[in-house]
Each structure stands twice: as C-alpha cells, then as structure tokens.
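**Q** These are the residues of each chain, in order.
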Amino acid sequence: MSVLRIENVDKSYDDEPVLHDVSFEMDRQEVEVIVGPSGSGKSTLLRCVNRLTEIDDGAIYLDDEEIHSVDENELRRRVGMVFQDFSLFSHLTARRNITLGLRHVLGLSDERATAKADDYLERVGLADQAESYPAELSGGQQQRVGIARALAMDPELILFDEPTSALDPELIGEVLGVMKDLADGGMTMLCVTHEMGFARSAASTITFLDEGRIVERGPPEQLFENPEHDRTAAFLSDLTGLHQ
Amino acid sequence: MTTNSRGDAVGTPTGRSRQFVAGVGVLFWTWLLARWAYHNTLLDSVMTAVGLADLIRSDLGVSQREPWVPAEPFESTADSIGGLAADLGPAAVLAEWLAWPFELAALAVSAEPAFAAGAFVTIYLTVIPMALGLFIALPTAVARIYGGPISSRLSLAFTELIRGTPLLAQLFFFYFALPLAGVIDDIWLMDLSGAPRTAAVVAIVAFTINSAAYQAEYIRAALQSVDAGQLTAGRAVGLSRMQGIRYIVLPQGLRYAIPGWTNEFIYLLKYTSLAAFITVPELFRRAQNIGSDTFQYTDIYLIVALWYIALVLTTSLVMGKLEIRLAVPGVGRAGRE
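If you read the protein sequences in the order shown, they are chains A and B. Just so you know, our numbering puts 137 at position 137 of the first sequence, and the rest follows in order with no gaps. Just so you know, our numbering puts 272 at position 272 of the second sequence, and the rest follows in order with no gaps.
Since the hints were made in silico from the structure, they are not lab data. Possibly wrong hints are sitting among the right ones.
[Unchecked claim] SDA-like, lysine to any residue: derived pairs with alpha carbons at most 25 Å apart:
{"#": "1", "chain 1": "B", "residue 1": "Lys-321", "chain 2": "B", "residue 2": "Tyr-124"}
{"#": "2", "chain 1": "B", "residue 1": "Lys-321", "chain 2": "B", "residue 2": "Leu-250"}
{"#": "3", "chain 1": "A", "residue 1": "Lys-180", "chain 2": "A", "residue 2": "Asp-128"}
{"#": "4", "chain 1": "B", "residue 1": "Lys-270", "chain 2": "B", "residue 2": "Ala-105"}
{"#": "5", "chain 1": "A", "residue 1": "Lys-180", "chain 2": "A", "residue 2": "His-229"}
{"#": "6", "chain 1": "A", "residue 1": "Lys-116", "chain 2": "A", "residue 2": "Leu-92"}
{"#": "7", "chain 1": "A", "residue 1": "Lys-180", "chain 2": "A", "residue 2": "Glu-211"}
{"#": "8", "chain 1": "A", "residue 1": "Lys-116", "chain 2": "A", "residue 2": "Gly-185"}
{"#": "9", "chain 1": "B", "residue 1": "Lys-270", "chain 2": "B", "residue 2": "Val-26"}
{"#": "10", "chain 1": "A", "residue 1": "Lys-116", "chain 2": "B", "residue 2": "Ala-37"}
{"#": "11", "chain 1": "B", "residue 1": "Lys-321", "chain 2": "A", "residue 2": "Ser-132"}
{"#": "12", "chain 1": "A", "residue 1": "Lys-116", "chain 2": "A", "residue 2": "Asp-154"}
{"#": "13", "chain 1": "B", "residue 1": "Lys-270", "chain 2": "B", "residue 2": "Glu-160"}
{"#": "14", "chain 1": "B", "residue 1": "Lys-270", "chain 2": "B", "residue 2": "Thr-314"}
{"#": "15", "chain 1": "A", "residue 1": "Lys-116", "chain 2": "B", "residue 2": "Lys-270"}
{"#": "16", "chain 1": "A", "residue 1": "Lys-116", "chain 2": "B", "residue 2": "Ser-58"}
{"#": "17", "chain 1": "A", "residue 1": "Lys-180", "chain 2": "A", "residue 2": "Ser-165"}
{"#": "18", "chain 1": "A", "residue 1": "Lys-116", "chain 2": "B", "residue 2": "Leu-231"}
{"#": "19", "chain 1": "B", "residue 1": "Lys-270", "chain 2": "B", "residue 2": "Val-312"}
{"#": "20", "chain 1": "A", "residue 1": "Lys-180", "chain 2": "A", "residue 2": "His-194"}
{"#": "21", "chain 1": "A", "residue 1": "Lys-180", "chain 2": "A", "residue 2": "Glu-122"}
{"#": "22", "chain 1": "B", "residue 1": "Lys-321", "chain 2": "A", "residue 2": "Leu-92"}
{"#": "23", "chain 1": "A", "residue 1": "Lys-180", "chain 2": "A", "residue 2": "Gln-84"}
{"#": "24", "chain 1": "B", "residue 1": "Lys-321", "chain 2": "A", "residue 2": "Ala-135"}
{"#": "25", "chain 1": "A", "residue 1": "Lys-116", "chain 2": "B", "residue 2": "Lys-321"}
{"#": "26", "chain 1": "A", "residue 1": "Lys-116", "chain 2": "B", "residue 2": "Thr-232"}
{"#": "27", "chain 1": "B", "residue 1": "Lys-321", "chain 2": "A", "residue 2": "Glu-131"}
{"#": "28", "chain 1": "B", "residue 1": "Lys-270", "chain 2": "B", "residue 2": "Ile-209"}
{"#": "29", "chain 1": "B", "residue 1": "Lys-321", "chain 2": "B", "residue 2": "Phe-28"}
{"#": "30", "chain 1": "A", "residue 1": "Lys-180", "chain 2": "A", "residue 2": "Val-3"}
{"#": "31", "chain 1": "A", "residue 1": "Lys-180", "chain 2": "A", "residue 2": "Arg-78"}
{"#": "32", "chain 1": "B", "residue 1": "Lys-321", "chain 2": "A", "residue 2": "Glu-136"}
{"#": "33", "chain 1": "A", "residue 1": "Lys-180", "chain 2": "A", "residue 2": "Glu-30"}
{"#": "34", "chain 1": "B", "residue 1": "Lys-270", "chain 2": "B", "residue 2": "Ser-110"}
{"#": "35", "chain 1": "A", "residue 1": "Lys-180", "chain 2": "A", "residue 2": "Ser-109"}
{"#": "36", "chain 1": "A", "residue 1": "Lys-116", "chain 2": "B", "residue 2": "Gln-230"}
[As the list claims (entries may be wrong)] Per the computed footprint, the stretches of chain A lying under chain B, defined by three or more beta-carbons under 8 Å from a beta-carbon of chain B, are:
{"#": "37", "region": "20–29"}
{"#": "38", "region": "97–106"}
{"#": "39", "region": "174–180"}
Beta carbons: idealized from backbone N, C-alpha and C, even for Gly.
Bound-form chain A, shown alone (with noise of 0.2 Å):
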C-alpha cells in the first residue's frame, strides 16, 4: 500500500502553470528525492501534500484517503514538514517547539509532552540545549530542532523543503547527517533538496522536476549513471559538479 500517491496534479498561481499532470507514488519507508531547477515547481509540489497550498486539479491521496476528504490539522499531523528558513517559533525554547504541538495537537500534557520532546532532542544531539531559544542556536543546531519538532509529531510521512539551502557550508553535514539516520530508521521522506550526495546514498527514488512536469524518475544509479533525457544528465552534472 503506497502512503503517498499523487496523481495528475496542477496547479496555478494566478494564471501561471507551476505544475502540470504531476503523478507519483511512495512506498512505505521510502525516500523520494525531488531535484530541479528554481521554479520547477518543487516546494509548491510538497505544500501541495499538506495543503499549506490547494491543488486545481487532480488527486492526492495520503495511505489512500484523498487529503481533501481529511480535516487539514489531522493531515498535518500525519504529515511532518521541515522548512528551508526553519521557522522555529521564535519565542519559545528548543524544547517549547517541540511540545506546542504534542500538547495541542496530539493532547498530550505538559510532563509527557517534555519527555517526548527530550528524546528527540536527544535523537538530533541536542539534549543540551532543550533551554536555548532559537536566536541562541546555529543554523544546523535549528533546523535539527525542526526536524525533531516534525518527528515528535510521529508523522507518516516528513516532507523536507531544502532543508540545507539556508545553512553555511560547514553546518550542512549535521543536517544531512540527522536526515540519513532518519533514512535508515525506516523514515517515510519526500525531499526537495540540491544534496546529491544524500540523494545517492539515501534516496530510494529521485524525481526530476522542470517547468512543473516530471521530466525522469527512477533509482538514483539509474539517474546519475544512465539518464534517459539529456536535460536530467546536464542538471546533474551541474548539481553534482557544483558540490564536488
């Protein structure tokens, strides 16, 4: 049974196609990597999923349940997102993130929520700073309380929105580092990401996205080694170059 399937999905903001006949399916445990260039229509594809924006047409089903036919916070729930600027809340602590979810959405109380909330700091090597505001972290330090704060939530599914676009170089690894282990654990990921090292070593599948279509999908052996379109092998090339 697939836990996401997408199938002819558009999508236009005010008359300009970002996303055009979009069809695909992830299994369980999956991790599905989207590349493309800027504008292809990636982040709108995954704000798609947890209707932070509607699709115009199409269908979306989440463990086959069409996700309109879903209370939207229940989705979000069952869907974890982490963001390219991070959007910790600002005015709370490492730990506070993580339980303003788990007590008002999930209902846990304070004492539960806390201890939950510590073991996935813990998870991302952050037990130490449970207290620090977000002002008060590094770029990779917040964006892995935001990946904790997705996965407290115990989602289905975790969409990643460039995750490592916003961090200094030498911040990216701990990121990376972080999503791979979530990875191996059996993690159900949907990744809009540049990292072609991660998309190698952990995607099961890597969709490439232009002008809103879906131009190549497959394993990445079969991606990065034996492209069917010759613009998939020159953005690669590109991508793979860059970050060499």
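Given the structure of chain A, go ahead and fit chain B onto it with the hints provided.
**A** Here is chain B on its own, set in the frame of chain A:
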C-alpha cells in the same frame, strides 16, 4: 493624539545620578502610598475593628487634611525675602525672583493633600481603562487582521470612528447625551462608600472605549510585524488557525506591542485631565480648584505639571522593566540589543 515617539523617556542613568533618581522615586511613592492609606475607608474600618480607631482618618474630607510638611517656614522665608524688596529700589525684581521658589514650595506643600487625592483618581482613571481596553483591543486587532470581511470591517469602523473624533467630544457624549450617568446612579455599587462617583465611572467607560481603539492599532501593527512563516509553521504542525494565533502570533506580537502600549499608557495618563470637564476630581481638577481659591494659577499649574511628570516617569520606568523582563532572545528588546 499622534504617536511618534516611544514612551521610553527614562534612559539608564548611571552611578550616583541613578541612586538619586531612585531615592527621590522611593520617597515620593512611599509618601504617596502612606497618604492614600492614611485616608483609606477600607483600611479605617479594619483598623477600627482591631481597636486602632484613630490610626486611619478616612473621616477627614480632602479640604480638612493637613499637609505633612508645614508650609509655614516656606511662607515666612518668602515673606522675609519679599519684605526686602521695598528697601532695594530698582533691584526689587531680584528679591521677588528669589522669593518665588519659596512661594512655590509653600503652595506645593499646602496643595499636597488635595493632589495626593487627585493623583489616586488620575491613576485609576488610567489603569482601569488601560486594562479593560486591552480586553477590547485584542479581539479588535485580531479581527482586523484575521477576521472575515464583516468582522474586519466592523473592527476598522470602530477604530476609525473612535480615533476620528476628539476624546473630549466622546467624554461629553457619554456624560451628557447618553443616559449612562442615570443608569450608573441606579446601580447598587454607587451606594457603597468609597466607590467612584458617577462622573468618574462615565469617564472610565469613555476612556476604556477610546483607549481600546488606540491599543488595537498598536497591537495590530505589532501582530503584523510577526513573520508570516511563524503561523505557517504552526499550521504545518497541525495547529488550527486560532491556536496558531493564540500560541504563536500573540505571544510574539504582544511583546513587540509593549513600547507602543507604553506610549498609549502615558497619553491616557495625561488625557485623563479631560475628566476635569465633567467634574471628576482628578489632578487637573484639583489644580483648577486651588487656582480659583488662591489666584496663583501659574504656580499651581506648574506644580500639577510636576505631578504628571512624576507619574509619567514612573510609568515608563515600570514598563521598560516589564519589556526587559518579558523579552526572550530574538523577540523583544533584549533580543534586539
């Protein structure tokens, strides 16, 4: 009521000057609190019950109260300096100038019981409307930003109506045009001794509504300065819109609102003087009355101005402390430094 400047009038004086300011402040407030306690009805009944009938004198009317510092030495000094004037010929002006501070001090000392009583009224005319106004301003600001077409327009109409008309006109409208005064008179509360008089209650109602409109604008601006991504992140966790506003936008926005809110506090503190026009015996009304008794209008208005400055400085000091206390790294004053 334009609002350009922050209410942050008090900087951070250092060393000796800081100690001096703190000393004057402590002295002023100790004495003011003691004065209020000394004439407090409630405290009087408690003390009488425990057998200390004469400790608290709430039976004395304001005009019967004696100043705690005698005015006589100041008066006689002023008189003796003034007496020299006759012998000085052309330099008489100099003697009059020298005598003036002592006359002023004598007037200030003898007006003290009346001003202490007036300051009490001024303060509750400020604090109660600020607090009640906040309860109206919060939903008004939230409705304006996040409400549907009807609630946001209602909110806009309310703020523009109130901000578009003079406060004095609003006060007169509530006092003379609405049957509010009659209604308040009928309420049982007004029979209790020590309860504010009808006019004061009308003033509280008018100031509450006026202040709510201004507070709503300060809060609206502050809420809009919260990054939109914060609410999005909250929604992405599964919070409803209202939960997101309550747990994410308001805690951040209200911290940003404190400087503006302080400004409104200070404005209202001074604008409560308009209540004098509907006979509420607050600071300014007391000054007018003393002026018409003594004909020392210039001096008494100067003294009452000092009273307002003392109250305003206290407000900005307290609010500045509150702002620092509530700030978290990244949000609020401490975060900006």
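**Q** Are the hints correct? Go through all of them and say.
**A** Status of the hints after comparison with the structure:
1. Restraint check for Lys-321 of chain B and Tyr-124 of chain B: satisfied, since their Cα atoms lie roughly 21 Å apart, inside the 25 Å limit.
2. With a C-alpha separation of about 20 Å, the suggested pairing of Lys-321 of chain B with Leu-250 of chain B holds against the 25 Å cut-off.
3. A distance of roughly 22 Å separates the Cα atoms of Lys-180 of chain A and Asp-128 of chain A; the hinted pair therefore holds under the 25 Å criterion.
4. Proximity of Lys-270 of chain B to Ala-105 of chain B is assessed by CA-CA distance (about 23 Å); at most 25 Å being required, the pair is judged to hold.
5. The straight-line distance between the Cα atoms of Lys-180 of chain A and His-229 of chain A is roughly 28 Å, outside the 25 Å bound, and the hint therefore fails.
6. Distance restraint check for Lys-116 of chain A and Leu-92 of chain A: the Cα-Cα separation of roughly 16 Å lies within the 25 Å cut-off, and the hinted pair is therefore satisfied.
7. Using a Cα cut-off of 25 Å, the hinted pair Lys-180 of chain A and Glu-211 of chain A is violated, with the two alpha carbons roughly 29 Å apart.
8. Using a Cα cut-off of 25 Å, the hinted pair Lys-116 of chain A and Gly-185 of chain A holds, with the two alpha carbons roughly 18 Å apart.
9. Between the alpha carbons of Lys-270 of chain B and Val-26 of chain B the distance comes to roughly 22 Å, so the proposed pair stays at or under 25 Å and holds.
10. With a CA separation close to 52 Å, the supplied pair Lys-116 of chain A and Ala-37 of chain B exceeds the 25 Å bound.
11. Under the criterion of a C-alpha separation no larger than 25 Å, the hint pairing Lys-321 of chain B with Ser-132 of chain A is consistent with the structure, at around 22 Å.
12. Among the hinted pairs, Lys-116 of chain A with Asp-154 of chain A is consistent with the structure: their alpha-carbon atoms are about 11 Å apart, no more than 25 Å.
13. As the CA atoms of Lys-270 of chain B and Glu-160 of chain B are separated by approximately 22 Å, the hinted pair is consistent with the 25 Å bound.
14. Distance check on the hinted pair: Lys-270 of chain B and Thr-314 of chain B sit about 13 Å apart at the alpha-carbon level, within 25 Å; holds.
15. Taking the CA atoms of Lys-116 of chain A and Lys-270 of chain B, the gap is about 51 Å. The hint is violated against a cut of 25 Å.
16. For the suggested pair Lys-116 of chain A and Ser-58 of chain B, the alpha carbons sit about 59 Å apart, so the restraint of at most 25 Å is broken.
17. Distance check on the hinted pair: Lys-180 of chain A and Ser-165 of chain A sit about 16 Å apart at the alpha-carbon level, within 25 Å; holds.
18. Taken as a hint, the Lys-116 of chain A and Leu-231 of chain B pair is honoured in the structure, with Cα atoms around 23 Å apart against an allowance of 25 Å.
19. Annotation: proposed proximity of Lys-270 of chain B to Val-312 of chain B holds, straight-line Cα distance about 8 Å (limit 25 Å).
20. A hinted pair counts as satisfied when its Cα atoms are at most 25 Å apart, and Lys-180 of chain A with His-194 of chain A qualifies at roughly 15 Å.
21. Distance restraint check for Lys-180 of chain A and Glu-122 of chain A: the Cα-Cα separation of roughly 16 Å lies within the 25 Å cut-off, and the hinted pair is therefore satisfied.
22. Taking the CA atoms of Lys-321 of chain B and Leu-92 of chain A, the gap is about 21 Å. The hint holds against a cut of 25 Å.
23. Restraint check for Lys-180 of chain A and Gln-84 of chain A: satisfied, since their Cα atoms lie roughly 17 Å apart, inside the 25 Å limit.
24. Between Lys-321 of chain B and Ala-135 of chain A the alpha-carbon distance is near 22 Å, which keeps this suggested pair within the 25 Å criterion.
25. Restraint check for Lys-116 of chain A and Lys-321 of chain B: the C-alpha separation of about 35 Å exceeds 25 Å, so the hint is violated.
26. Proposed proximity of Lys-116 of chain A and Thr-232 of chain B is supported: the alpha carbons are some 23 Å apart, at most 25 Å.
27. For a cut-off of 25 Å, the pair hint linking Lys-321 of chain B to Glu-131 of chain A stands: about 23 Å separates their Cα positions.
28. For the given pair, Lys-270 of chain B sits about 16 Å from Ile-209 of chain B by alpha-carbon distance, which is consistent with the 25 Å threshold.
29. Using a Cα cut-off of 25 Å, the hinted pair Lys-321 of chain B and Phe-28 of chain B holds, with the two alpha carbons roughly 19 Å apart.
30. The suggested pairing of Lys-180 of chain A with Val-3 of chain A holds, with an alpha-carbon distance near 20 Å, which does not exceed 25 Å.
31. For the suggested pair Lys-180 of chain A and Arg-78 of chain A, the alpha carbons sit about 21 Å apart, so the restraint of at most 25 Å is met.
32. Simply put, Lys-321 of chain B and Glu-136 of chain A have alpha-carbon atoms about 22 Å apart, close enough for the 25 Å limit, and the pair holds.
33. Note on Lys-180 of chain A and Glu-30 of chain A: the hinted pairing holds, with a Cα-Cα distance of about 12 Å set against a maximum of 25 Å.
34. Proximity of Lys-270 of chain B to Ser-110 of chain B is assessed by CA-CA distance (about 23 Å); at most 25 Å being required, the pair is judged to hold.
35. Note on Lys-180 of chain A and Ser-109 of chain A: the hinted pairing is violated, with a Cα-Cα distance of about 31 Å set against a maximum of 25 Å.
36. For the hint pairing Lys-116 of chain A with Gln-230 of chain B, the CA-to-CA distance comes to about 22 Å; that is within 25 Å, so the pair holds.
37. A stretch counts as covered by a chain when three or more of its residues have a beta carbon under 8 Å from one of that chain; for the region 20–29 of chain A and chain B the count is 0, and the coverage is violated.
38. Counting residues of the region 97–106 of chain A whose CB falls under 8 Å from any CB of chain B gives 4; the rule of at least 3 is met.
39. Using a Cβ-Cβ cut-off of 8 Å, 0 residues of the region 174–180 of chain A lie near chain B, which falls short of the minimum of three, so the contact claim is violated.
Of the numbered hints stated above, those contradicted by the structure are hints 5, 7, 10, 15, 16, 25, 35, 37, 39, listed in ascending order.
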